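Q: Taking the hints into account, I'd like the entire structure generated from these sequences.
Chain order of the listed sequences is G and Y. According to numbering that gives the first Met the number 0, the first sequence is numbered sequentially starting from 0. According to numbering that gives the first Met the number 0, the second sequence is numbered sequentially starting from 0.
Keep in mind that the hints are not guaranteed to be accurate.
Here are a few chain G residues that sit away from chain Y, every Cβ distance over 10 Å (derived from the structure) [unchecked claim]:
1) 49
2) 127
3) 193
4) 203
5) 206
6) 234
Derived CB-CB ranges, DEER-like [as the list claims (entries may be wrong)]:
7) 233/G / 294/Y: 45 to 53 Å
8) 316/Y / 127/G: 38 to 46 Å
9) 80/G / 195/Y: 36 to 44 Å
10) 316/Y / 128/G: 41 to 49 Å
11) 2/G / 180/Y: 35 to 43 Å
12) 231/Y / 130/G: 20 to 28 Å
Straight-line alpha carbon distances no greater than 20 Å define the calculated EDC-like cross-link-like pairs of lysine to aspartate or glutamate that follow [what the hints assert, rightly or not]:
13) 302/Y / 195/Y
14) 199/Y / 210/G
15) 302/Y / 258/Y
16) 199/G / 28/G
17) 199/G / 210/Y
18) 199/Y / 246/Y
Hints listed in this document are in silico derivations from the structure and should not be mistaken for laboratory results. Just so you know, these numbers come straight off a predicted model, no measurement behind them. Backbone N, C-alpha and C fix where the C-beta goes; we use that ideal spot for every residue, glycine too.
There are 2 protein chains.
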Amino acid sequence: MSGRRLQIFAPASIGNVIAGFDVLGAAIEPVDGPPLGDTVAVAASAQTELVVRGAYAKRVPTDRDANLCWRAASAVATNRGIALPTVRMTLHKGMPIGSGLGSSSASAVAGAVAMAAWLDGLTGADEDAFFRWRSAAASELLRAAGQAEAHAAGAAHLDNVAPCLLGGLQLLTPLGPRALPVPADLCWILASPRLELATKTARAVLPASLERATAIAHSANLATVVHSLHAGDLALLATGLRDLVAEPYRAALVPGFREAQSGALAAGALACSLSGAGPAVVAVAQPSNAAAIVAALTAGFAKGGVACTVNVCAIDERGARPGAGDVVDQ
Amino acid sequence: MSGRRLQIFAPASIGNVIAGFDVLGAAIEPVDGPPLGDTVAVAASAQTELVVRGAYAKRVPTDRDANLCWRAASAVATNRGIALPTVRMTLHKGMPIGSGLGSSSASAVAGAVAMAAWLDGLTGADEDAFFRWRSAAASELLRAAGQAEAHAAGAAHLDNVAPCLLGGLQLLTPLGPRALPVPADLCWILASPRLELATKTARAVLPASLERATAIAHSANLATVVHSLHAGDLALLATGLRDLVAEPYRAALVPGFREAQSGALAAGALACSLSGAGPAVVAVAQPSNAAAIVAALTAGFAKGGVACTVNVCAIDERGARPGAGDVVDQ
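A: If you want it as structure tokens, here you go:
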């Protein structure tokens, strides 16, 4: 039995990014404090096994077939037409489920990347080599993680998976994800209320169709966001970052959301809406307004009778990567 | 009576630009041959009068209240709270109506610009001064031309008006039109079948709502177009330039369209669909494929039993401007 060991971290992410329902996502990292995400370690073992650890482990299925990390790792092997190797896979669940921060994608991406990298003999010691490998394997990794995610959400939506894997702000185009330019000092302020909202539930409230005028306004908003990012125009970005597709229907599922949103906008946020399917809320802002927005989000959720934690984040430009050595107690 | 005289040319344009229903438009000019568009001349006169001339004058209302050029000019005066000056306004209709080439916008823009420039004392002799003036007056001019266009189309859609006024490829954002970068050598091949299709008719066939999946795919296509233009990625542009909103419903209104479209794509067009509400068809292509696409479009419409003229065009970067002196025989 080899002593080889590999550990992969996959970051939290914001689905939809307000204006890009199902097609825009951003990987994020707290400006202060440790990274937010999931870590998967793979090590040679006498038997094939899955272990789940970490602060949020209790809510994660240890039944392999119900576990996203395991499903994604298995999809890698199945897609390659091989059997899973005899390994111990340890998922350190570093983020809550049903949070709106891409928790399921983080588990799926970390599982897919860890297994593919293991099969390809990587150790993660050489970061540059890892990123070259990941770039070449991106399609395979997106596919496997997407297959696992589809199991959780009912359909494959890659707006969390793509940025979680690749880092950055990713637009899902017909040719796959493409990174959009983002002003480096933009703050992404995430408020996580102590609520859980399953993506399936949040999707079920959406109507099956949109009025044509709404659909056209939605397309214009998303196009405006893409153009404003390329042009570096924050005032224009703020006008495009509106959610006409999901927010009108999901807002009622999150007590305190409207209060948090109006507070954040009054405190200078360029935009504020649900992160992914919620209940997390994201405010996009310039750094000078961050402190006031943190307070406004907290106060808003308090009005709704909900406690929340708030993280000031930046875009995580790296995505899935060899993880910090001190996370896993294997 | 002053001898002052002012003449404004407004170019043809492509509404929707395939992927951007109601929010994306491009001003165009033939690569060879004279500009395509309408010209309005204003001259001091003993009485207020409207004259319509040119190859397509017969189909244009000379009743002032039904004439887009006059309505736009009147809107300028009304919005300023003044009476129309005593002028003779001559519209030289250089393009057919109901063509899908922004004919109504060209008349409206030329009328609005000519009247506002006249009121502001411009002669058009100094082009730089004209463009500075137009930039400062853009909101007023868009509003007046849009008011006239709304009368023709049933609602204000600025996807032709904005590029016709400002030139270039214009995205309608919540803050107004913004020019998108376009590769200089891209060809916009316009096939104009000998058919007439009123915009009102073409809008009437559209359903009032879209399935959510269609609306989301539409938003992704438009966002892909915007990103690919900024990135200069023609392969990506080709995948985004699809029309899921109007083409499925309008195709049947234009005999020969499907044949022309499939022929153009087979001949190497990056994309091909209706221009605006049709019946004109636009193919986007690299110059090396232009000749084959011209032939394919002609042959495609011939299969539908329809004669057409085809123009290889480039983006008109200038928009409405002082017109060529030899157009008007006043």
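Q: Does each hint hold? Answer for all of them.
A: Going through the hints against the structure:
Under the 10 Å C-beta cut-off, the non-interface status given to residue 49/G relative to chain Y holds; the minimum distance is some 34 Å. No beta-carbon of chain Y is positioned within 10 Å of the beta-carbon of residue 127/G; the least distance is around 25 Å. Taking the minimum C-beta to C-beta distance to chain Y, about 30 Å, the non-interface status of residue 193/G holds against the 10 Å cut. With a closest Cβ-Cβ approach of about 13 Å to chain Y, residue 203/G is found to remain outside the 10 Å limit, as its non-interface label requires.
Not every Cβ of chain Y is farther than 10 Å from the Cβ of residue 206/G; the closest lies at roughly 7 Å, contradicting the non-interface assignment. The beta carbon of residue 234/G sits about 7 Å from the closest Cβ of chain Y, which is not more than 10 Å, so the claim that it is off the interface is violated. Hint check: residue 233/G to residue 294/Y, Cβ distance near 48 Å, so the stated range 45 to 53 Å holds. Residue 316/Y and residue 127/G have their C-beta atoms about 43 Å apart, which keeps the hinted 38 to 46 Å range intact.
Hint check: residue 80/G to residue 195/Y, Cβ distance near 59 Å, so the stated range 36 to 44 Å is violated. A beta carbon spacing of about 46 Å between residue 316/Y and residue 128/G agrees with the range 41 to 49 Å that was offered as a hint. Distance hint for residue 2/G and residue 180/Y: a CB-CB separation of about 54 Å, inconsistent with the stated range 35 to 43 Å. For residue 231/Y and residue 130/G, the Cβ-Cβ distance of about 24 Å falls inside the hinted range of 20 to 28 Å, so the restraint holds.
About 18 Å separates the Cα atoms of residue 302/Y and residue 195/Y, which keeps this hinted pair within 20 Å; it holds. With a C-alpha separation of about 19 Å, the suggested pairing of residue 199/Y with residue 210/G holds against the 20 Å cut-off. For the given pair, residue 302/Y sits about 7 Å from residue 258/Y by alpha-carbon distance, which is consistent with the 20 Å threshold. As the CA atoms of residue 199/G and residue 28/G are separated by approximately 26 Å, the hinted pair breaks the 20 Å bound.
A distance of roughly 19 Å separates the Cα atoms of residue 199/G and residue 210/Y; the hinted pair therefore holds under the 20 Å criterion. Between the alpha carbons of residue 199/Y and residue 246/Y the distance comes to roughly 15 Å, so the proposed pair stays at or under 20 Å and holds.
Checked against the numbered hints above, the structure violates hints 5, 6, 9, 11, 16; every other hint is satisfied.
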